[in-house]
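Taken in sequence, the protein lines are chains A and B.
Here numbering that gives the first Met the number 0 is used: the first residue of the first sequence is 0, the next is one more, and so on.
Here numbering that gives the first Met the number 0 is used: the first residue of the second sequence is 0, the next is one more, and so on.
If you are wondering where the hints come from, they were derived from the structure by calculation, not from laboratory data.
Chain A stretches covered by chain B per the calculated footprint, using a threshold of three residues with CB under 8 Å from any CB of chain B:
hint: 1; region: 19-29
hint: 2; region: 72-81
Partner residues are not named here, just some residues of chain B that face chain A (Cβ under 7 Å, in silico):
hint: 3; residue: Tyr50
hint: 4; residue: Asn54
hint: 5; residue: Lys58
hint: 6; residue: Arg62
hint: 7; residue: Asp68
hint: 8; residue: Trp70
hint: 9; residue: Leu71
hint: 10; residue: Pro178
hint: 11; residue: Asn215
hint: 12; residue: Asn216
hint: 13; residue: Gly332
hint: 14; residue: Pro374
hint: 15; residue: Pro385
hint: 16; residue: Lys388
hint: 17; residue: Met391
These numbers come from a predicted model, not from an experiment.
Beta carbons are placed, not taken as given, at the ideal position from N, Cα and C, and that holds for glycine.
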Amino acid sequence: MPRFFDEHQYAVVQAACARLIPTDEQPGATEAGVVDYIDGFLGAFESDPPLIWAGGPFSGRFGGSPGFATFHRLGPRDELAWRTRIEGSLGITERERLGPVVGLQERYREGIAALGQDFVDVDGQEQDRRLQEDRSFTRLLYDHACEGMYGAPEYGGNKDLVGWRNIGWDGDVQPRGYTDEEVSQP
Amino acid sequence: MSRDFDVIIVGSGPGGSTAADVLTAAGRSVVIFERGRNHLIDLDDPNQLKYEYSNDEIKFWSRHFLGPDPWLEPRTFRLREEDGERIHVGEVNNLPATVGGGGVHADGKLPRFREDDFRMLTELGPVDGATVVDWPIGYDDLEPFYAEAEKAVGVAGEAGANPFAPWRSGPYPMPPGAPMYCAVVTSAAAERLGFHPYPAPTGCNSVPYDGRPACNNCGFCAYYGCPIHAKGDPVALLRRALLSGRAELRPDAFVKRIVVQNGRAEGVEWIDVAGETHVETAEHVVLAAGAMETPRLLLLSGMQHPMIGQNLMFHFQTLTFGHLPMRLHAHKGRAVTHTHDDHIIVDDAAKAAAREAGLPWIKGGLVEHGAAAHPLLESKLYPWGPEHKEMMRESPMRDHLVGFTMQGEDLPQATNRVDLDPEIRDIHGLPVARTTYHPHRHELAASAYYGPKLEAILAEAGATWARTTSSPRLEGDTIFGGLWKMGMIPASRHIVGTTRMGTDPATSVCDEWGRLHDVPNVVICDSSPFPTGAGYGPTLTLVALAIRNARALAS
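Construct the complete structure from the given sequences, taking the supplied hints into account.
Right, dumping it as structure tokens:
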């Protein structure tokens with residue numbers, strides 16, 4: 000169940016991310032579940048603690064216990080900052096100290112709507128054309144797609160570590176680390 | 000008046016932690032105020048460290064885990080007064096706002112300054128438009144404190160490996176850690192061209208040290224907190240101070256004003272996490288908030304010395320990159336394992352180049368041999384579409400790009416300064432720090448002279464191409480086009496100079512012991528008092544000064 004997107008929005012973001020980081024002979028954004036990463040971020044405050052900062056020190060993938068999965072609590076000021084960033088200032092005085100803030104949720108709602116009701120049904124070329132029209136939203140979407148592809152899977156993307164496997168990257172390696180030979184040799 | 004503590008310390012970074020350690024060892028009681036959160040040490044049982052840092056690009060790069068959050072605590076920037084009040088609001092040279100301060104995110108390169116760095120005016124002479132001066136103390140005064148600082152923080156290095164190093168009274172506490180492959184390649188090339196690379200003195204355990212483990216080369220070093228506490232962040236100093244029973248550390252506590260009466264500081268006003276203001280009193284106030292927040296706090300406190308905030312310096316970074324055909328795997332190991340100092344030496348060739356540029360001399364800085372490391376940062380630099388996958392696999396940016404960062408000496412200028420922004424307020428409703436900064440002609444000339452030398456090293460190493468850019472970026476520099484805008488705001492987190500120390504109250508803000516000339520029971524223990532910036536990172540020098548200043552305060 001998505002946290003923030005409705006079914007249509009979820010499908011549009013998924014289709015758009017499949018153009019940004021396509022599936023070729025290797026998995027792409029679709030297989031990595033990039034849309035779930037974005038949905039998790041936009042709906043971060045649906046969880047307590049919110050899905051902002053994963054825990055530490057280890058994920059458990061190279062030993063140790065899986066601490067990443069337990070997210071950090073936010074203090075009141077940090078919650079204010081992240082709610083403002085995600086939800087927007089919404090006319091709330093304490094969120095408008097530096098002026099009104101358009102939240103990420105609104106940018107997504109508008110960006111998705113601008114891609115068109117039929118976005119998932121048109122062909123790839125047409126999807127690319129529409130993505131090139133709104134460069135500001137596509138840049139935002141791409142930054143988030145990269146985070147969902149190459150960030151730690153505890154944030155909701157990078158399923159089965161496909162983003163890291165594609166490029167032969169080990170990801171977080173604590174507490175194993177690398178040997179001196181691995182560091183110094185070709 | 001009854002006082003709970005002898006000394007109030009503002010800031011828990013390397014300077015404040017050092018002061019806390021020295022003062023508690025001398026029997027003084029201290030309270031340390033830290034505006035950021037605590038992810039470093041268990042305050043109920045200081046023998047236990049916290050384990051909240053991790054190998055996580057999202058947390059550290061995308062979500063401000065170490066703070067400050069640029070929306071809660073923005074800064075502003077302009078190049079010159081002619082720009083108007085500001086051209087930017089948000090992040091400006093932010094150092095972490097967290098327990099441990101800048102020591103947490105640094106990869107811990109901890110060089111000493113050279114003898115000449117303390118005598119720039121005498122050795123090299125004045126430069127038009129710059130306020131070059133000698134320090135009121137020399138290297139010999141500071142050497143014992145450098146040695147002590149290296150032991151306290153835990154520095155790994157090799158005495159004698161750098162022919163340009165200043166004299167030292169003893170060996171490093173630890174041998175150097177494993178050299179990174181990319182730096183093995185570039186330092187061999189540099190040696191073939193007659194330069195003198197050496198293992199960078201690094202605050203990162205090569206062997207178990209002081210109850211903390213050896214570094215295991217995880218690669219998440221610069222800009223990350225160390226998940227296993229193998230890094231020479233201030234944790235050892237804080238732990239010792241807290242275990243003395245004479246120190247209290249208050250995170251999420253923002254000092255908004257030093258209360259001054261009749262030329263003496265009575266204490267501070269501070270704001271807790273709920274937004275309530277409190278007062279704390281003490282005999283002395285140690286300021287260790289960093290070279291931007293320290294002058295800001297002095298100005299917020301109504302201090303009048305006209306030089307507060309002036310002579311702001313960074314490092315002018317010359318960035319030379321090249322593409323090597325082999326995979327460099329720079330995600331394995333510390334962020335930087337080799338440096339060279341050749342370009343700090345003002346030789347005849349550098350003097351000739353200076354004359355051509357219409358300057359009396361030019362001086363470069365420490366050169367760091369490094370490479371990129373992590374895929375999330377890399378991925379955002381590539382175009383989207385099928386090319387994205389191809390480029391991520393081929394990895395020209397992350398796994399083949401090798402480079403040098405020269406931390407070039409930035410000359411002091413009175414017009415480069417920190418003051419209070421007239422309009423922009425932080426989350427506490429207080430004016431934020433505004434930076435007015437433009438490099439001197441000297442930095443541009445030095446960068447133009449040394450850039451080609453760095454490119455030649457990369458060519459010798461087998462680079463298929465090499466290019467040079469800088470931070471701050473120069474007007475008209477189009478390298479990497481829109482792909483990599485380094486920006487006009489210096490990327491350097493080496494910030495110094497905003498409360499110059501000296502003997503004359505007319506030409507300096509504090510004395511050689513960090514004491515404000517106007518309010519002598521306020522002692523500065525960070526990089527603000529540096530009269531000149533040198534071509535080396537400031538941390539070890541500010542720790543050495545903090546030991547010296549805190550010991551003088553205690554006696």
